[in-house]
Every structure is written in C-alpha cells, then in structure tokens.
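Asker: As a plain string of letters, each chain reads:
There are 2 protein chains.
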Amino acid sequence: MTTSSPRNAFYAQSGGVTAVINISAQGVIETARKYPKKIGKVYAGRNGIIGALTEDLIDTSKEPLANIKALGHTPAGAFGSCRYKLKSLDTNRREYERLIDVFKAHNIGYFFYNGGGDSADTCLKISQLSDAMGYPLTAVHVPKTVDNDLPITDCSPGFGSVAKYVAVSMREAGLDVVSMARTSTKVFVLEVMGRHAGWITAACGLAAEKVGDAPQILLFPEIAFEPQKFLARVDACVKKHGFCAIGVSEGIRNIDGKFVSESGLVDAFGHAQLGGVAPFIADMVKRELKLKNHWAVADYLQRAARHIASKTDVLQSYAVGKAAVEYAVKGMNGVMPAIKRIKTKPYQWEVIPAPLADVANQEKKMPRDFITSDGFHITQKCRNYLQPLIEGEAYPPYENGLPRYVTLKNVAVKKKLAAFLL
Amino acid sequence: MTTSSPRNAFYAQSGGVTAVINISAQGVIETARKYPKKIGKVYAGRNGIIGALTEDLIDTSKEPLANIKALGHTPAGAFGSCRYKLKSLDTNRREYERLIDVFKAHNIGYFFYNGGGDSADTCLKISQLSDAMGYPLTAVHVPKTVDNDLPITDCSPGFGSVAKYVAVSMREAGLDVVSMARTSTKVFVLEVMGRHAGWITAACGLAAEKVGDAPQILLFPEIAFEPQKFLARVDACVKKHGFCAIGVSEGIRNIDGKFVSESGLVDAFGHAQLGGVAPFIADMVKRELKLKNHWAVADYLQRAARHIASKTDVLQSYAVGKAAVEYAVKGMNGVMPAIKRIKTKPYQWEVIPAPLADVANQEKKMPRDFITSDGFHITQKCRNYLQPLIEGEAYPPYENGLPRYVTLKNVAVKKKLAAFLL
Numbered sequence: 001m002t003t004s005s006p007r008n009a010f011y012a013q014s015g016g017v018t019a020v021i022n023i024s025a026q027g028v029i030e031t032a033r034k035y036p037k038k039i040g041k042v043y044a045g046r047n048g049i050i051g052a053l054t055e056d057l058i059d060t061s062k063e064p065l066a067n068i069k070a071l072g073h074t075p076a077g078a079f080g081s082c083r084y085k086l087k088s089l090d091t092n093r094r095e096y097e098r099l100i101d102v103f104k105a106h107n108i109g110y111f112f113y114n115g116g117g118d119s120a121d122t123c124l125k126i127s128q129l130s131d132a133m134g135y136p137l138t139a140v141h142v143p144k145t146v147d148n149d150l151p152i153t154d155c156s157p158g159f160g161s162v163a164k165y166v167a168v169s170m171r172e173a174g175l176d177v178v179s180m181a182r183t184s185t186k187v188f189v190l191e192v193m194g195r196h197a198g199w200i201t202a203a204c205g206l207a208a209e210k211v212g213d214a215p216q217i218l219l220f221p222e223i224a225f226e227p228q229k230f231l232a233r234v235d236a237c238v239k240k241h242g243f244c245a246i247g248v249s250e251g252i253r254n255i256d257g258k259f260v261s262e263s264g265l266v267d268a269f270g271h272a273q274l275g276g277v278a279p280f281i282a283d284m285v286k287r288e289l290k291l292k293n294h295w296a297v298a299d300y301l302q303r304a305a306r307h308i309a310s311k312t313d314v315l316q317s318y319a320v321g322k323a324a325v326e327y328a329v330k331g332m333n334g335v336m337p338a339i340k341r342i343k344t345k346p347y348q349w350e351v352i353p354a355p356l357a358d359v360a361n362q363e364k365k366m367p368r369d370f371i372t373s374d375g376f377h378i379t380q381k382c383r384n385y386l387q388p389l390i391e392g393e394a395y396p397p398y399e400n401g402l403p404r405y406v407t408l409k410n411v412a413v414k415k416k417l418a419a420f421l422l
Numbered sequence: 001m002t003t004s005s006p007r008n009a010f011y012a013q014s015g016g017v018t019a020v021i022n023i024s025a026q027g028v029i030e031t032a033r034k035y036p037k038k039i040g041k042v043y044a045g046r047n048g049i050i051g052a053l054t055e056d057l058i059d060t061s062k063e064p065l066a067n068i069k070a071l072g073h074t075p076a077g078a079f080g081s082c083r084y085k086l087k088s089l090d091t092n093r094r095e096y097e098r099l100i101d102v103f104k105a106h107n108i109g110y111f112f113y114n115g116g117g118d119s120a121d122t123c124l125k126i127s128q129l130s131d132a133m134g135y136p137l138t139a140v141h142v143p144k145t146v147d148n149d150l151p152i153t154d155c156s157p158g159f160g161s162v163a164k165y166v167a168v169s170m171r172e173a174g175l176d177v178v179s180m181a182r183t184s185t186k187v188f189v190l191e192v193m194g195r196h197a198g199w200i201t202a203a204c205g206l207a208a209e210k211v212g213d214a215p216q217i218l219l220f221p222e223i224a225f226e227p228q229k230f231l232a233r234v235d236a237c238v239k240k241h242g243f244c245a246i247g248v249s250e251g252i253r254n255i256d257g258k259f260v261s262e263s264g265l266v267d268a269f270g271h272a273q274l275g276g277v278a279p280f281i282a283d284m285v286k287r288e289l290k291l292k293n294h295w296a297v298a299d300y301l302q303r304a305a306r307h308i309a310s311k312t313d314v315l316q317s318y319a320v321g322k323a324a325v326e327y328a329v330k331g332m333n334g335v336m337p338a339i340k341r342i343k344t345k346p347y348q349w350e351v352i353p354a355p356l357a358d359v360a361n362q363e364k365k366m367p368r369d370f371i372t373s374d375g376f377h378i379t380q381k382c383r384n385y386l387q388p389l390i391e392g393e394a395y396p397p398y399e400n401g402l403p404r405y406v407t408l409k410n411v412a413v414k415k416k417l418a419a420f421l422l
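From first to last, the protein sequence lines are chains L and U.
Under our numbering, the first residue of the first sequence carries the number 1, and numbering increases by one thereafter.
Under our numbering, the first residue of the second sequence carries the number 1, and numbering increases by one thereafter.
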C-alpha cells in the first residue's frame, strides 16, 4: 500500500439524528466517488462508531444509485446512529487499538464522523491516532445537531429544519387557539428540544411577526424559570390578546438550577413520573390562573420532520458532506467544514474549514442579546440570525399520500477479524 | 320582503377547528356569490353561533377577494369558532327567539353551520325554527370534524388532513427510533386525538407498510386497554424488531371504562396532574420493561397542520361548502352535504344530501373489522378505506420560510338590536 493508491473511507452517524443528516451522507458518498484515485470505497459504520468497533461495516458501493440519491430526502440515520462516546486514549487504549485494527484490515485511510459536539471530540481523538499510533489516517468531522450548539460554525446542519418545523407548528397551533379562545382553550404550551441551549425555542418565536401573534412567551434554558413572573405574564397576555401561546424548552431550570421537568411528579402509586415540562407548565397555569389549556410535546416529530425541512438546511447539509471529502483528499486532518455567513440579506454563506480542537466539547448557547431583556422572547437581532436558516421548502416525493423514504440495503462488508466485545 | 328577493346568509364555524374548515367557508362564500338573485351577503358569526346570539356579525363582502381565496390555504377558524351547544327549544326558547330576531334584523334566510355531530344537532334545531316559529329559513349543515365520527358521510372533512399528518409524523419518528435503537430509545409513543373513536389512531397505522415498520402497536378507544397484554406485546416487538413504535388515542380506557389518562397522576404537592396518555404509557413501559423510551403528544399540531394537508381533504372541504349553498338555493332545508364513496381504486367520490335528522348526535366508531383480531393494528379493509383520504399534497404558499396564512379583516356588520346576555 502506498499513499498514492486509493484507500477506503469510513463514514458514521453519531448521536441524535436529524431530518437531513442523510443528506450529508449523500454528500460524502457522492463526492468520494469523484476522487477514485484517492478514495476507494466508502464503508459506513452500522450504528455509528459501534460499527467500526465491531467491524460491522456497510459497503455503500453495493447500494443502488437511486438509494444513495434518496438519502437526499430521507430523515433519520439510514446507517444507524449511536450514543457511544470513546474514552480518552489513556483510559481505553483497547478501543483505539481495535479501531486501528479494523481500519488496517479494510484499508481505511479516511474517517468521516457525522455528529455534534461530543462526536467532534471523538473525531478529534481519532485524528490524533495517526501520530499516536503510527497509522496514517485523515479524520474530518461532519457537523450535525438539531441543538445548534456547535461553536465556530454559523449554524449546525439539522437545526434549520427543526427550526422551520417548530415555527410552522407554532404558527398553525396559534391560529387554532385564537379560533377557540372565546369559549375554550386560552393557553397553549408547546415543548421543544434543547436541553442546554434555547435555539429551538427561539425558532418558535419566528412564528410571531406582530404584537399579539403566537407565541407571546418563550421559556429558554438560558433564563432561570420564575413561576410567579411567568404566571403574571400569561395572565396579562390572556387579558390583552384573549389567549397565550408558549414555546418552552425541555431544559428550562428553576432558580436553583434544577430542571423544571424533574420537579417531582409521581403517579397514584407513588412512582416517580417521567418529565415533560409542557404538562407541568400547563398544569401550573390551570391551577394558578384557572385558564383552560392544551399542551403538545413535539419530541422526535420535530427532528425527523423531513416533510417540512428547510431548503437552506438541505443545501448546507449536502455542502458539509461534500466539503469534508474535499478537505480529506487534500490531506486536511482534524478539521470540520463550518458554515460561514457572508451576508444576512440576501443570505449568502460558504463552507470553511475549522480546526476540530476549537470545536470539540463546547456548547454555543444563545447570546444574551438574542433574548429580550424581560427574558420572554427573541430580539430582532435573533430574528435576523434565524430567518435565513428556515428559508425555502424542499419537499420529499410522495406515494399513496405518504413520503417515499428509502430503507437502504446496507450490505455488510465481510468480516476479517475476531469478534470484539464492547 | 318577498321570497324571490335575495336574502342574506349566515355562516358559522363550530367546535374544534381543523386544517381545512376555512376551505369550506371559502366554498360557501364563493358559491353564494354565484347566486346573486337568491343570496345577498354572507354574514359570518364571530366565534360561531355566539356571533349570531350577540349580533356580532362579520360582513364577508367587505373582505378583499384575495383574503377569501387565502382561506383555501389557512388552517383553524378564520371567523372564530366556539364550543356552545344550544339547548332544546323547550328548555331555552329565549335563545331561539333571539336568533330569529337577529336573522330578521339582518334579513337572513340561509343558515350554514360548519361543524361536527353536536353542531349538526344545533343545525337541525335551527332548521325546524321555520315551522316552529314561523320564520322562513333554510338551514344546511356543513360537515367538519377531525374525529371522522359523523355518520352517513363516508368521511368527515378535516379528518383526511389530520390522518395524513399523523401517518407522516409516525413514519418519520419511526425512522428516528430505528436509527437510535441500538444504544438509545427503544420505545416511542405518539398520542393522537380521538376521545371516543379511533380513526386518527388508525391513520397512524398507514405509516406501516410491511412487518416491522413503525407503528407496530396501535391503541384504540374501541378496545379496552389491558396493561399486561400490551406490555407483553411491546416486549415481543422490541425483541423481534429492535424497537417498538406505538400510536395511542387520547381516549383509551381501562377494562372498567375509565379513561387511562385519568389514572390519577399527582405532582409533588399532591395536586392532580393533567393527563396525557402518552407519558403514562411510556412510564409504564419504562417501569415494567426497563426500556428507554420517548413520547410525543401532537395535540393541536395535528389538527392545525395545513402545511401537510391532504389534497383529497382540501377538495372535499371545498365541495361540501359549495354543495351546501347549492342545496340551500334549491330550498333543501335540514340537510348536510355528505361524501359518498363511489370507488376506492382509483378513488372516486361525490357529494350527496343527507337528512340532518339521521346525522345529529351520532358517533361513528371504528367498525370491529377495521381493527385486527388482537386489537393492536388496522386491517387491510381499514387501509383501503383510509388510504384515499390522505392522498395528494396541497401546500400553502410560503414567505420568509413560513406559510403565508391570512388573518381576515372581519369587518363587523352594524348592530341593530339591543345587547343580549349569553
């Protein structure tokens, strides 16, 4: 094996999936095929990095071309993802040695890891294997997370689509509540994802274009939840507008830093009850303000909603997959393609390389000036930031009234090594 | 006033709104304008029948044409709806006399009521006023309910769109769960509407086209919920397919007939906790089977989701509005335009008049042979029934990444009468 002969690539999906992560996969696979002198086959890990550890590799060259193309409109992780964080090289050298064994056995010289902040850390560690363990490898991280909390990149692929979903859903549900408020529901609560950062909650706010539009209140994890202040706000809103629509992050915390969703619900038998901050908030409104309410928890519906994906997000997701391969063939190790915003109106962006060391294990929360001074809504500055990210529609094809999503064949690569216990 | 001179029409939206009820309004208004010799203006009730009682009428002729057209892509109730059921003529003659006073004052000769089963009853009572109180009036009910529980009509306008929404959402969330199941979520629960009839839950089942597809389990209000049987099924499903996706109706009941959602959750302070059957089911799975789970409650998101409305539903919603006016100008009193299925493949339907007396106060539940014998899924017969109802897409226009929904001017008609206390 010489460095000039083509080596195979490994691609894996990591952490919570999105509506558009498969588009990055498509970008990686299609772009790799444009460099046959540099890159041989693209092997995908079945269920993420676990696929590498267990030598459970998928040969994407065995996948019909139409299926690879269909990744462009199929949500979730087509190769399977996982929540599995590699420990440090010192703590668990065994896993890294195994990875090298698998890479060697399958002539893998490129490592593409499609994930968020934790995964960027894993990718960084892998990128250092080349020196640490004397195995030539080029590792590039492909950014993805609905949480939008990756640093350096202007936004995280996956976020724009969930942002569009929650903004559309809030606008629609808001119209429903307005219609009914005279005699029925007056308060509506929509719970969205975001354990530590309020980006998705902020996106709900895009639905409101003028005073009185839903949502009138947003609850961010960045702002401590104060029940009395909140209830006073709801009360005033219902008195003024006849109804109140609330977007709430799953991760809001009380003044003491405890998650509100863990405020201690128990069922009739005394069992601790699984959270859900929306029912908690709704119940508080009912009890304290005697207002009829409804609540929704979007959960996976939001991050899987390819049917209402943002076109901007779709394009960016492909672009980072493509750039990752282009960086790799240039020998750029330990980098991540990041989105750089050139202009907001009209929106212009480009992909630039970011050093992984600057990306890994960091969380980009909402800047304080993206949240209004009272803590209950987004500022114009935040709107300017968010708006382009939900721009454009990119509908999947339909058959029999349902989106025609692909299930890949995922043909396994023949194993060459002994089994490995996780 | 002679019977040949044009008389005005009253239109009102009643009960829970849908993604397409405004399309029926558009059908009524646009069709009425085609009969200028018979019908003068169309007055809409602000907040449904309450608008008639309080003489709070909206002059739809003052609405820009573009706004009336935009009703065709705007969800929820553009004139406001209400939950307000008229009592019988004997019990509350005062309200009927008031209605007649308002109708007389504004020369209203046509009454169009857009609602579900309860509203059909109200409309029937109004249709009888003509004889009972000597006031000439033609009353036609325009069917609408996401619950799909109206009799006679093959389906209820509004249902097809929520059916499409839940089927799409379940398919998408199911792909998410499959992706993550190896190391994370293994059970997903989606709660949908349907207090007494399982039609919406059944529609979730359309997402599954082959064995193993999500959802593998459906819980209908028509089938008593037996925890042990259910848990055994979940366990077997996870063992076989690696994950389990469940669609559950808000209205499932225990063997003793009690709503499962009212099974007695209390918060840390001992307050009774607002239901939500999905968190209850998910918690049961976690406790008894030790399986990681996620749950979603679609709530208003499902019935307001104009962005993913069914084209069939859109066409039928317009057709019943149009037919209602055509029946009225023919003098057909006390009827409802119903959808008649002519053929399932390819789908053909027509609108026929149904006597309101046969429609009012009846609930069409799922036939037993639409549910598999084990009670956990839908049969092929049910699929054949449901499939055409979600067929076709009818996207709203977008601006800045969001659907451009209309808010009507809703210009008030000048009041002529003294105030009326509800």
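Rather than coming from a laboratory, the hints here were simulated on the basis of the structure.
We treat Cβ as the ideally placed atom computed from N, Cα and C, and that holds for glycine.
Do not take every clue at face value.
To give a feel for the contact side, a few chain L residues facing chain U, derived at Cβ under 10 Å [as the list claims (entries may be wrong)]: (1) T18; (2) I21; (3) N47; (4) C82; (5) L86; (6) S88; (7) I308; (8) T312; (9) V329; (10) Q387; (11) G392; (12) Y395.
Asker: For every hint, state whether the structure bears it out.
Answerer: Evaluated hints:
1. T18: T18/L check passes; min Cβ-Cβ to chain U is 9 Å, inside 10 Å.
2. I21: holds (9 Å)
3. N47: holds (4 Å)
4. C82: holds (4 Å)
5. L86: Check failed: Cβ of L86/L comes no nearer than 13 Å to chain U, outside 10 Å.
6. S88: violated (20 Å)
7. I308: For I308/L, the interface hint holds, since the closest Cβ of chain U sits about 6 Å away, which is under 10 Å.
8. T312: Since the shortest Cβ distance to chain U is 8 Å, the answer is holds.
9. V329: violated (28 Å)
10. Q387: holds (6 Å)
11. G392: For G392/L, the interface hint holds, since the closest Cβ of chain U sits about 7 Å away, which is under 10 Å.
12. Y395: Holds - the Cβ of Y395/L comes within 10 Å of chain U, reaching about 7 Å at its closest.
The structure fails hints 5, 6, 9 (numbered hints given earlier, in ascending order).
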